[in-house]
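Student: The chain contents come next:
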Amino acid sequence: MKIAALQPNTALRGASVTLQGIGRSFGETSVLEGVDLEISPGEFIAIVGQSGSGKSTLLRIIAGLDQAYKGHLSIGASKGQKTAARIMYQEPRLLPWASVIENVAFGLGPQATRHQAFAQARTALEAVGLGDRGGEWPDVLSGGQKQRVALARALVSKPDLLVLDEPLGALDALTRIGMQSLLERVWLEQGFTAILVTHDVAEALTLADRVVLIENGRIALDLAIPFARPRRRGAVQFGELEEHLLTALLKSKSPSEEYVI
Amino acid sequence: MSELALLAGRHSNRKREAFASLLPISPNGFVPWLLPLTVLVLWQASASYGALPPSILPAPSDVAKAAWRLTLSGELLANAAISFKRAFSGLIIGGGLAFALGLSNGLSRLSERSTDTTIQMVRNIPNLALIPLVILWFGIGEEAKLFLVSFGVFFPIYINTFHGIRTVDPQLVEMARSYGFKGFELFRRVILPGALPSILVGLRYALGIMWLTLIVAETIAAQSGLGYMAMSAREFMQTDIVVLAIVIYALLGKAADGSVRVIERLSLSWHPAYRKGARL
Ligand SMILES: Nc1ncnc2c1ncn2[C@@H]1O[C@H](COP(=O)(O)OP(=O)(O)O)[C@@H](O)[C@H]1O
Ligand SMILES: [Mg+2]
Chain A
1 MKIAALQPNT ALRGASVTLQ GIGRSFGETS VLEGVDLEIS PGEFIAIVGQ
51 SGSGKSTLLR IIAGLDQAYK GHLSIGASKG QKTAARIMYQ EPRLLPWASV
101 IENVAFGLGP QATRHQAFAQ ARTALEAVGL GDRGGEWPDV LSGGQKQRVA
151 LARALVSKPD LLVLDEPLGA LDALTRIGMQ SLLERVWLEQ GFTAILVTHD
201 VAEALTLADR VVLIENGRIA LDLAIPFARP RRRGAVQFGE LEEHLLTALL
251 KSKSPSEEYV I
Chain B
1001 MSELALLAGR HSNRKREAFA SLLPISPNGF VPWLLPLTVL VLWQASASYG
1051 ALPPSILPAP SDVAKAAWRL TLSGELLANA AISFKRAFSG LIIGGGLAFA
1101 LGLSNGLSRL SERSTDTTIQ MVRNIPNLAL IPLVILWFGI GEEAKLFLVS
1151 FGVFFPIYIN TFHGIRTVDP QLVEMARSYG FKGFELFRRV ILPGALPSIL
1201 VGLRYALGIM WLTLIVAETI AAQSGLGYMA MSAREFMQTD IVVLAIVIYA
1251 LLGKAADGSV RVIERLSLSW HPAYRKGARL
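Chains A and B are the protein sequences, given in the same order.
According to this note's numbering, the first sequence is numbered sequentially starting from 1.
According to this note's numbering, the second sequence is numbered sequentially starting from 1001.
Treat the hints as calculated values from the structure; they're not laboratory data.
As the structure is a prediction and not an experimental result, all values here were calculated from the model.
What you were told as hints is all true, and nothing was included just to trick you.
Listing some non-contacts, in silico: residues in chain A with all C-beta distances to chain B over 12 Å:
no.	residue
1	G27
2	E28
3	E38
4	Q50
5	A127
6	G129
7	G144
8	I177
9	S181
10	R185
11	A202
12	N216
13	R231
14	G234
If the Cβ cut is set under 10 Å, some of the chain B residues that face chain A in the computed set are:
no.	residue
15	G1194
16	W1270
17	R1275
Once the Cα atoms are required to be at most 27 Å apart in a straight line, the calculated DSS-like pairs of lysine-lysine come out as:
no.	chain 1	residue 1	chain 2	residue 2
18	B	K1065	B	K1085
19	B	K1254	B	K1085
20	B	K1182	A	K70
21	B	K1254	B	K1065
22	A	K158	B	K1182
The C-beta atom is built at its ideal place from N, Cα and C for all residues, glycine as well.
Just chain B, same shape as in the assembly (with noise of 0.2 Å):
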């Protein structure tokens, strides 16, 4: 069985290429990095030059110096592991029960004309109009932000779970049938590949909904987090921690969104256009 053994080390060897690919260490790599770093400098050096005064926008050094003051009080970390906690929380709960849905609406009519037209009715609500009633039902507590954030990413991935599932080709699921492939050997091995990359493509706008969701209600109605300590700082003029919390914002988007695109490259490597060298 070694042309077996062969096969499999071939497979494994792409997986390889195509995560060697996501590594920012290519020759091009740097190229991307220019504009940001120039933007820094620039900044930088007005606020050295008394151009920028500390009360509109601190120096970069300062922002660096609250974090490293922030984490050796340990407040940065609780505070960001809070935030974080409730960003995936909600993600599991609201992605979860959207994929669920989207999959029986997507396989099954009956489902489908007993509850999408409820919820493309629903999906018209802004998730953040309903701030003032979730504060009415919940208080401030946790619920208010599980709640959002959960509503605010169970659109987006139940709509592509559904769009994917309904637009898997019906040739391959006809051929998959004709070889006596059914039930769940068939959604194994047709539906769900062929569905997959509009999933993926749902939880990475789930994933923008759920930080701008999770900003918005810490800012409004929170103890901790990442937005309360931006919040509270203000009340203080501590502008080097609200633009920190800013920073910090952004870093944790481009993690969750960079994240999904190493799951795209790794489990859609079949995909000519997520393979190496593919520009998106």
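So that you can see chain A by itself, here it is in the shape it has in the complex (with noise of 0.2 Å):
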């Protein structure tokens, strides 16, 4: 790949979202309680923190996927018109009796017609580099072939805004690293805007823009990530970066913790 081609595409399209004051709690424990962030068009943002400390919450929230919080969310599609966010999971969640091509083409919506939905299904069936294997039923791919289905899935709609909850955390580390680096190809080709939920450090430094440290409901650290890519852990700032990040959130406590004390 030319370095080049290395910057975010912000061009192509990326919503910008914007968190005021969001809070969310469930009976009489409050999860977050006044979330504020700022998001551009076609950054990269990853979330860290403890287990607990509400970063599904925080996801499912931006995702549309829970409306019951207080506070005030906004997306801004790039075209004018407000896109769904599309969210992947830590699991596939592939649909066991539709084979690899068909449940790409689900992401389209129940509207598609199925002989576009399928053209357009195996284009982004080719871009995780699973073009050839579209014929079979999901359960004979290993796990991260799943997964790459999964991300196919998420993109073949073209979205402005795309959330990923852990999505690698299941995955061994060699097929891991894979992943990152065709997660980060794929958003350099397509510049959606994406916001990564990680428990492993590295990866957040690997791929993201900005890092940002999810404590006690709120925003602790909001940190901008200077590299450039494509990155190398290897490099030395990457050590003291990873090592100042990884500190901190050591420190930091779930707000269940401090019940429990």
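Since each chain comes alone in its own frame, lean on the hints to assemble the complex.
Tutor: Rendered as structure tokens:
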């Protein structure tokens, strides 16, 4: 890949996301209390935080799966009209009774006509390197391949915004590194805004323009990552930043822990 | 669009393979028939040498002769046809109601709250216990048999449809909703296929109950059908016809079970457990 191509293609598309005082509680327990965050079009944000700190809760709100929040959320699509955010989960969540290509075409929603959907699905499958597996059942694929199908399904509708909830958490280390570069490549090519929740600090530093730490239901740290892409994990500054972020993460407490003590 | 045609072709190929594996001509297809054939040979031998008096158990050849005689007279076909019609009318009525109610209770909490407890209570009544009451209501007319069969097949289909829908993976449903699927499209693409394995298990149970109920009902209260044929043969000590009726019941039951297996193989070919070579 040429170096010139390694700049986010913001001219294509990408939604801006604005969160103002987002709060969410389940019964008595307050999980998020006043999250403010501004994400520019085409930006890649990583969210880290301890388990139970409300990362998934925040993502579900942004993705429109949870409406019972306080505060203000606005998603401005590049083309003016509002498009749905796409979400990728830790599990691939493929329909076992549909072939791989049908699963990808599923991402175009119920209105899509079958013929057109299949043509677009084939392109999306090729983009994740599975162009020749369209006719198979999902259960014959490996974990990493299933997650690539899920990525193709999320991207087939060319979303402005992709949110990812620890999508690589269940993969082995080697597969994960391959998936990270795939993710970076499609993001660079397509220019959507990406919000990635991860518990892997190195992953956040490899992929994100900005890393955000959630603590006590708020944003405790908002760190710009200045390294040029493609990033090399071996670099000295990379190691320093990783150390810094890890220390901050370990010091942070999730609200649920406070109540236990 | 040649790639699309290719994909479609691959799909139908898979169905053909699934279908081919059902035919009993595979190399190992003979093994399951070894034991019944041995029994048949021993049975024929002991009857021919007088070890088995015909009034207890007629020889297989006598049963075959009875089958031939009754086929020529048209009696066998007429009785089998009427039994078949009763069985499947009952299955369609009882099974159809059960499927509809299982769907509506699986999909709607309100529907479940208003009917499920009642159904669970009625479920504990063995359907054959209703025979005296049913004869009082309907006499020995067609309605009696129809009622008993419908009642019997209702519960396995209801329970398995309901259970199948309730156990569809909620993560898949959430995923589908996030892609804009709702209402009928959500049902058709996610909920129904997810519930199908369980629904077909219910259908298999229902078929077993269907034959059992019909045999008993026809034996006690009927003027036609295979059960009636066996019962009237008993009065004249025609053991060959009695055994013939039993054999036909067994074959019909096996055929019904086999047809559900075909449906399972064809519609659940995505499921590893139902794929070619898998043994249940
Ligand atoms: N639907 C829910 N009902 C009740 N509590 C919930 C629900 N979803 C999340 N929580 C609680 O909110 C807290 C944050 O959860 P989550 O956002 O999943 O954390 P994270 O993804 O950071 O690990 C946890 O304590 C969890 O128990
Ligand atoms: Mg989580």
